[in-house]
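*Asks:* Listed below, chain by chain, are the residues.
2 protein chains.
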Amino acid sequence: MEERLILTPKEEIENRIFSLKVLMEEKGLDCAFFHYKVDYYYLSGTMQDAVLYVPLYEEPVLFVKREIERAKRESPLKNVVWTKSFRDITEYVSPAKKVGLQIDVLPYREVQRLLGELKNPEIFDSSSLVKELRRKKSAFEIMLMREAAKIQKKVYEYVPLILKEGMTEIELGGHLEAYAKTLGHEGILRMRSLNYEPYSWHILSGESGSVVGYAESPMAGFGLSPAFPVGASFKKIRRGEPVLVDFGVCYYGYHVDQTRIFAIGEIPKKFVDAYEISKEIERRVIDMILKGLKSGEIFELAKRIADRYGYSEYYLGYEPYKVKFLGHGVGLELSELPYIAEKHDYPIEEGSIIAIEPKFVFPGEGACGIEDTFLYQDGKVIPLTESDDGIILL
Amino acid sequence: MEERLILTPKEEIENRIFSLKVLMEEKGLDCAFFHYKVDYYYLSGTMQDAVLYVPLYEEPVLFVKREIERAKRESPLKNVVWTKSFRDITEYVSPAKKVGLQIDVLPYREVQRLLGELKNPEIFDSSSLVKELRRKKSAFEIMLMREAAKIQKKVYEYVPLILKEGMTEIELGGHLEAYAKTLGHEGILRMRSLNYEPYSWHILSGESGSVVGYAESPMAGFGLSPAFPVGASFKKIRRGEPVLVDFGVCYYGYHVDQTRIFAIGEIPKKFVDAYEISKEIERRVIDMILKGLKSGEIFELAKRIADRYGYSEYYLGYEPYKVKFLGHGVGLELSELPYIAEKHDYPIEEGSIIAIEPKFVFPGEGACGIEDTFLYQDGKVIPLTESDDGIILL
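So the sequences go chain by chain: A and B. The numbering of the first sequence is my numbering, which starts it at -5 and goes up by one. The numbering of the second sequence is my numbering, which starts it at -5 and goes up by one.
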């Protein structure tokens, strides 16, 4: 067990807390609370059941409800203290006029209770601060994401070894997931959403690739039932149709995202053409990132490439289900800042790790396209995902 | 695809909406909103991206953001209407003085916005109403849960076919999950929690069974990293130790929960004894449910059985990590009403489906115990889960 355990270094946590305090000071916050585990993991190094309290001019305190020893082992913070109930922690909090709370995810009832106990301070969305920090990745984070990408590469190499005509999408998805877990994939992908549950088995063959659903994605798939109506289904994989494998990997909490197309036998020319266009768009987006274009400009210019080839009807989905993004940051959540999306008014900065996914969807027929996760660093945009970038024909 | 699709019957949805309105009327609500998908699925039959609006004296309206055609196919509600954004729906809402909102799960920011648009009505937790309704299962729900239990039985029969000395916990977990998915298991388990993500691969061997974590459970396991510190790990399964397999199955959104103990070769007597006591407690709890005892009384009396055998130190975990519940309702969430738990002041009523899990944890050594999901109906408490109830020795 232990030899595999990588802990977040003390210096890393100290840097993150310091950067957070700079933002808190700018916003005039006296203190901030972090209740959402992805964020207190980022700021503390542990995901044990906890609430992180960060006063502007004092040491942070991590209140832990159950396994304090694990939390102490994992977190380099000085103050990791046990609490019987998170209802008690406000007793330890200094009076504050303006308080950061994660109001984008914390339920209303809980915030109302907290506000009462804190004597109704002014509140500010503390999630916005940590989202901003998480936008740029450290060397430690990049190292973990490279490891995640290595796992992903092996998973994609495993596909042609097991994919067979007549196999169901979910059978393929299950096998890939079982294999990925033996390599360190954590199984659950994360996204801050009340209702959207990301998952690894986004395996869509033929017409499944054109089925839209609740995911804000060009394609959703049938899923297994109306109660889980996304991703792989019981549809059998046939000869001559594109099999879209969008298999996210999560390692030590860090995601990488990638899509490749597999097929048993040749697939219709339109899919091959769409795939080539999607590769061209991916390359051109990288050029535009390097030139410092703004996110929204990149989004618009990329669309023109699809237009020029006469494929705009299918680009990023079909009407009225087209999506308004072409890329998304990746890190402790599958989708985070920065985005390459309509009306987003910022350039993609160095230190970002971003998935680019210019996909095409043909109604009733299927989906095709590439996706890779890229690191922008030292004046270069390089892929973390390193699978062969062609359509993989079996 | 289609032949597998079971849709929620119209009558079922009508009954649920009617029962909801009875509760709304009791609480003096003019209308109620359901934003959380598990609950609007229960009330509408679809999980497409939607918000359900239920006015007391009018027909409910399901506002759907993306795939309206799928939602219409799945939901028998009369009014299933497309909306570009959920921000627009308040325009269609009649003025109301007292409004039900799911304030236990809906983020603060979203509720604040809604309250502004609804002109600051009095609010009431609409989740409490649907939780109450979901407490008793209909014939349709019982049918789906029986199907889930059949899948679970096959998964447990698969364990001895693949379990080998030296296999890691996560390898076993991954294979079981892949197999379960081919049978219809949906992979993701659900629980209304900001931070707790349930999962199927709760496979704990030897000392892993005594590792506590963020889950409100007697045992959590090492997990794969500090970022996912629960469930199966890279620990190898050894001869002569108990292997606890707590593999939840989800079928058409309905969960069933079960635990069995497997072992390669003989295991120490204390585990065998603990297992027998746990079976006795399970039987006695059923008697107490049938006698109409209150939940909290059942909890206390069950504890005395462990005491009498001299095993109280290990019962439901060890101090300070003992849990205060012995059973939980199961349905569209893995854990829901009713509970068999400390200080819960209600009898278990007919129509309930409840998992009973009297487990023992020996610090540093492992965990042992049984869990089954039972249906209380027609004066009988019968198991849905039907796996062999002994320790399975290989």
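By construction, these hints were calculated from the structure, which means they are not laboratory data. Fair warning: this is a prediction, and the values are worked out from it, not measured in the lab. Be careful, since some hints might not be right.
Which copy? The list can't say, so a pair holds if one copy fits it or any two copies do.
To be verified - No farther apart than 25 Å at their CA atoms in a straight line, the calculated lysine-lysine pairs in the BS3-like style are these:
id: 1; residue 1: K4; residue 2: K147
id: 2; residue 1: K4; residue 2: K130
id: 3; residue 1: K230; residue 2: K148
id: 4; residue 1: K59; residue 2: K263
id: 5; residue 1: K66; residue 2: K264
id: 6; residue 1: K337; residue 2: K91
id: 7; residue 1: K59; residue 2: K316
id: 8; residue 1: K297; residue 2: K91
id: 9; residue 1: K297; residue 2: K59
id: 10; residue 1: K337; residue 2: K78
id: 11; residue 1: K297; residue 2: K78
id: 12; residue 1: K66; residue 2: K316
id: 13; residue 1: K337; residue 2: K59
id: 14; residue 1: K4; residue 2: K125
id: 15; residue 1: K78; residue 2: K316
id: 16; residue 1: K144; residue 2: K230
id: 17; residue 1: K125; residue 2: K337
*Asks:* If a hint holds in the structure, say so; if it doesn't, say that too.
*Replies:* Results for each hint:
| no. | hint | in the structure |
| --- | --- | --- |
| 1 | K4 x K147 | neither (30 Å within a copy, 47 Å between copies) |
| 2 | K4 x K130 | within (18 Å within a copy, 50 Å between copies) |
| 3 | K230 x K148 | both (24 Å within a copy, 22 Å between copies) |
| 4 | K59 x K263 | neither (58 Å within a copy, 33 Å between copies) |
| 5 | K66 x K264 | neither (56 Å within a copy, 31 Å between copies) |
| 6 | K337 x K91 | neither (35 Å within a copy, 38 Å between copies) |
| 7 | K59 x K316 | between (44 Å within a copy, 13 Å between copies) |
| 8 | K297 x K91 | neither (47 Å within a copy, 47 Å between copies) |
| 9 | K297 x K59 | between (49 Å within a copy, 24 Å between copies) |
| 10 | K337 x K78 | between (46 Å within a copy, 17 Å between copies) |
| 11 | K297 x K78 | between (54 Å within a copy, 22 Å between copies) |
| 12 | K66 x K316 | between (47 Å within a copy, 20 Å between copies) |
| 13 | K337 x K59 | between (42 Å within a copy, 20 Å between copies) |
| 14 | K4 x K125 | within (21 Å within a copy, 44 Å between copies) |
| 15 | K78 x K316 | between (48 Å within a copy, 13 Å between copies) |
| 16 | K144 x K230 | between (29 Å within a copy, 23 Å between copies) |
| 17 | K125 x K337 | within (19 Å within a copy, 40 Å between copies) |
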